[in-house]
Amino acid sequence: MPNDALRDSLAEKRWLNALSKGDPSALGGLYEMYGERIFRYTFRMLGNRTDAEDATAETFLRVLRRSAELRADGAFRTWLFRIARNLCIDKMRQHKLMELPSDAHYSGSEERATLRVTVQQALADLPMEYREPLVLCDLEDMAAREAAEVLKISVPALKSRLYRGRRALRDKLGGTLERTS
Amino acid sequence: MNNELYQKLVDLYAGRELPAELEDQMELSAASNMELNHDMTTLRRIVDSLHDLGDVDFTEESYQRVLMKLYARGADVQLQAPASSHFQYNLPLQG
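Keeping their order, the protein sequence lines are chains A and B. Numbering-wise, the first sequence is residues 77 to 257 according to the working numbering. Numbering-wise, the second sequence is residues 772 to 866 according to the working numbering.
Quick caveat, the hints were computed from the structure, so don't treat them as lab data. Virtual Cβ for every residue (Gly too), placed ideally from N, Cα, C. Possibly wrong hints are sitting among the right ones.
Stated by the list, open to error - Restraint-style ranges between C-beta atoms, simulated for each label pair:
no. : chain 1 : residue 1 : chain 2 : residue 2 : range
1   : A       : ASP99     : B       : ALA791    : 46 to 56 Å
2   : B       : ALA791    : A       : ALA219    : 33 to 43 Å
3   : A       : GLN170    : B       : ALA791    : 42 to 52 Å
4   : A       : GLN170    : B       : THR830    : 22 to 32 Å
5   : A       : LYS248    : B       : LEU793    : 21 to 31 Å
6   : B       : THR830    : A       : ASP84     : 18 to 28 Å
7   : B       : GLN796    : A       : GLU205    : 28 to 38 Å
Unchecked claim - Listed below are the simulated SDA-like cross-link pairs for lysine to any residue, each with C-alpha atoms no more than 25 Å apart in a straight line:
no. : chain 1 : residue 1 : chain 2 : residue 2
8   : A       : LYS248    : B       : PRO790
9   : B       : LYS840    : A       : ILE159
10  : A       : LYS235    : B       : GLN796
11  : A       : LYS89     : B       : GLN849
12  : B       : LYS779    : B       : LEU793
13  : A       : LYS248    : A       : THR194
14  : A       : LYS97     : A       : SER85
15  : B       : LYS840    : A       : ILE165
16  : A       : LYS228    : A       : MET168
17  : B       : LYS779    : A       : GLY250
18  : A       : LYS235    : B       : PRO790
19  : B       : LYS840    : A       : ASP99
Can you build the whole structure from these sequences, using the hints too?
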């Protein structure tokens, strides 16, 4: 295991043990470890900062409420993403939020920024079953096995959705990528 | 090549997950197969464009707003990192 991963794994274990003993610094430690990743994921799913902040806070509140169920066995991150995912699904059902994020700003050249907005819009328009694997695997760089666990599907099912999702995205983007490449 | 294997190889190529030797072999095959060439090129471009979406910026403001929401809901959150300047009194620059 690379040093960083080992260090993170040990820190995670320490925080989870502390949380189970009611140590108030534990939630802060876990937030410092995973807050950014969960925010990024919820932002990608929900498409705007305010809802992503709400979902991130709610994710960590649920960790606190369900701390008795926690086990420092390496599955915490998967469990955390599952909580975040469920919250995102609830929010999307409530608000049908998948328009272009109003506060999505992209830097770089104008052409590149336009392409990013186009890709983001096309991604947001994909059916959920395709969008989720793309967000987890291609944007969050999550391994297929872990992404499959978050989505509660098998690895072959995940790969199949990834395959179809990439093709669906390509179809949506049409000639956009050729024009800007 | 059966369809399932074709799909797997093209997807691995698109995600840059193939060993270099196999990748070269795929590119060689694609040189004489328009459909394969199109699939490989366009899907790799899709994956690259997704990577290129870049990180969502978890700004200091967002970080603090999430913390505020946690505090507001009664969570006792103690951080290891020093408190942000957002929580400190702003002193006038002069006087």
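Violated hints, by number in ascending order, as checked against the structure
2, 8
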